[in-house]
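> For reference, the chains in residue letters:
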Amino acid sequence: MAEKPAPEPTTAAEPTTAPRNITRRSFIKSAAGVAAGATLFPSIVPASALGLGGTVAPSNRIVMASIGLGSQGTGNMRGFVRNKQVQIVALCDVDQGNWENGKTIVDETYGSKDCVGYGDFRELLERSDLDAVSIALPDHWHSIPAIAAAKKGLDMYAEKPLALTIPEGSAMCDAVNRYGVVWQTGSWQRSNDNFRHGCEMVRNGRLGAIHTVKVGLPTGKPSAAFPEMPVPNGFDYDFWLGPAPEAPYTAQRCHWNFRWILDYSGGQLTDWAAHHCDIANWGMGTESTGPVAVRGKGDFPKEGLWNAATQYYVELDYAPGASPVAPKGFQIQIKNSTDDWPMGVRFEGEDGWLHLSRNNTYTSSIEGLQDSKLGLNETPLYRSNGGHSQNFLDCVRTRKATIAPIHAAHHAINLAHLGNISMQLEREIKWDPEAECFVNDPEADRKLTRAMRQGWHV
Amino acid sequence: MNDSATSSSINEAFRALVSYEFGQSHEIITAAEKVVKAATSTGNGTRDVAEQLVWLLDTESTFDCKQFACKQLAVVGGPDEVSAIAPLLLDAETADIARYALEPMDNEKAGKTLLNALDDAPPSARAGIINSLGRRGAERAVGAIARRMDDADPVVASAAIHALGAIGGKKAVKRLSASNKSVAAEMRRPLEDALLLCAHGYLGDDENRRATEIFGSLFEDSKHERVQIAALRGMLKADSEQGWLLAVRAVEADSAPSLTIAAKALLQELID
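Same order as they appear, the protein sequences are chains A and B. Under this note's numbering, the first residue of the first sequence carries the number 1, and numbering increases by one thereafter. Under this note's numbering, the first residue of the second sequence carries the number 1001, and numbering increases by one thereafter.
Hints are computed from structural coordinates only; laboratory data are not their basis. From a predicted model like this one, the values you see are computed outputs, not experimental measurements. Hints may be right or wrong, so weigh each one.
[Unchecked claim] With the Cβ distance kept under 8 Å, some of the chain B side facing chain A (calculated, not the full set): (1) Val1054; (2) Arg1099; (3) Ser1124; (4) Ala1127; (5) Ala1265.
[Stated by the list, open to error] Reference listing, derived: stretches of chain A covered by chain B, where coverage requires no fewer than 3 residues with Cβ under 8 Å from a Cβ of chain B: (6) 266-279; (7) 384-397; (8) 434-442.
For each residue, glycine too, the CB sits at the ideal point set by N, CA and C.
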């Protein structure tokens, strides 16, 4: 879509001749009379732009940029650049080597040199030709560019975990909703048939009332105490720090390893909760709410640069009625995985249990559950056709919600953030999931937010 | 995980921090963190710990030590510690770490200290202080922040506009609206974004009417179609009938393509 789609031709049902004082009620009534059962607007974008024949006119391609070209960002960008519905026109990374590598991939794919590299996402967002951006940055950089892109009206495919803190995630949700942009989180497990089917079984009560959901995540590891090092040429380290506290450069702080340091992320707990707690919430139907009490215990490294918990155990209590399949309430338990607490998500109900994980792991106490089909009166979950990133591209065109909406990402990662806060305070915390604050606990409330370094705000 | 700390161990752990610099053994930090955690886990001794942390600010300690102390004071500090943190706000090198402590503190003295520092702080620290006041929702700071909307430094001006949006309320809306025509051209869009924030702050409470006024005004007057789309979306939440009418108008009129598409999608959503 190098050019925005032109307004569609009018139809008999369109309100182009509607009187100015028409009310919503009378309009709906009138439209229903003209085209009962049909959509008012045939489609938001002409079907020819959907690229169903495998060829897409350049003017109908979704013009995208990628912000953040580390390993994950480059992987995401490779997927988009191969898609004939997309034209990647710009890349951005504070490490010049990263965007240069990305540009080589884009240029070789397109056989041109047109793709432009940037070191500052704000300059990239000034381009007027963009429809969407793919964002894959360290967690402490998730909120600022996403909110800036939302203000520009750009749709976003953005990496998990949603945000560094709960208030930042909330601000991101608000911005996406305020400006009406399409959002897809990179929580791709939702687009996997195995996970979706399992969640459908849970949501439709096949396990009976659920009382416990056990989530297994990787174990972290400590590091050495690394010395200060010279900043490599081409790496804008001050920009990399951005809103995070000032700190001397050392290689093991940046790029992939940021996630083990609490100034920038939350360790394995946040890195993986964004996947498996998302599945837990999907199955339980708790994507718009949260727990009411949290108890966490963690082992934090005593030595070295990386300071996120390496081993952890968190219990999160949900109130009765928070989940449609847990009338008496239920508990999510998150733990670093062991032989008897494997990776993935285990739903435990009154009639049986189900364990879901990657590599199509699907084990259950209920025989034949994996082959079971939904009945006519049962509720299916959202199915993304053509894969996770394709679902995003489809929704960019249709303006519909994606399979991984921002509020789901927010409520998934909140579980890890709450766990980290409880672990750091070394006590139970009571949470108000509606107000998103602690209950009569100002000390814990202060742990929710972090002042940003001079020059940055959300 | 909890070992009760004695008074003597607190002193020892904190004293070891005074000369701490990055690259030294991190055990110095974890030992001090353990003392703070012992206090927060039981609620006992946080006052004592806060006093010890202030002592770290008063001594000839390293930057890394002061930064550690401020991060901990963010959780355990109270009004009694604010005076010791205040001087750090006036030093360009330490202004940020002072905000780490003061911004989340839920006492009035922290807010007053940030506000009082706004004029005296070095120019490079002002945007940060304004951001902190905005995050705190400091209504009493609206006037002082509003005066910075036309600051020569665009970072400060932008921070001021955003902070007013974050604070919201009648006074902030009045100052933002009054500047809508006079503000520098490059600040027009941030100002409209701030007004959108204010309008959303009114949603759901007794002053929904104020939200309707702001959304309506932005929809009519903004030159930015993204702001118009956001205003339309907001209007549908504030007053669905008026929002409906605006959406129909957007489809009828020769609006920007993106506004037309957004209006159609919203209408379709309502009908579905």
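> Would you mind marking each hint as holding or not holding in the structure?
Evaluation of the provided hints:
Given the 8 Å rule on beta carbons, the hint for Val1054/B is violated: about 17 Å separates it from the nearest Cβ of chain A. The interface hint given for Arg1099/B holds, since its Cβ lies 4 Å from the closest Cβ of chain A, which is under the 8 Å cut-off. Evaluation of the Ser1124/B hint against chain A yields a held restraint, the C-beta minimum of about 7 Å falling below 8 Å. At a threshold of 8 Å, the smallest CB-CB gap from Ala1127/B to chain A is about 6 Å, leaving the interface hint in force.
At about 4 Å, the closest approach between the beta carbon of Ala1265/B and any beta carbon in chain A falls short of 8 Å, and the interface hint on this residue holds. Check on the stretch 266-279 of chain A: 0 of its residues sit with their Cβ under 8 Å from a Cβ of chain B, so the three-residue criterion for coverage is violated. For the stretch 384-397 of chain A, the stated coverage by chain B is violated: 0 residues have a C-beta nearer than 8 Å to a C-beta of that chain, whereas at least 3 were required. Counting residues of the stretch 434-442 of chain A whose beta carbon lies closer than 8 Å to any beta carbon of chain B gives 1, which falls below the threshold of three, so the coverage claim is violated.
The earlier numbered hints that this structure contradicts are 1, 6, 7 and 8.
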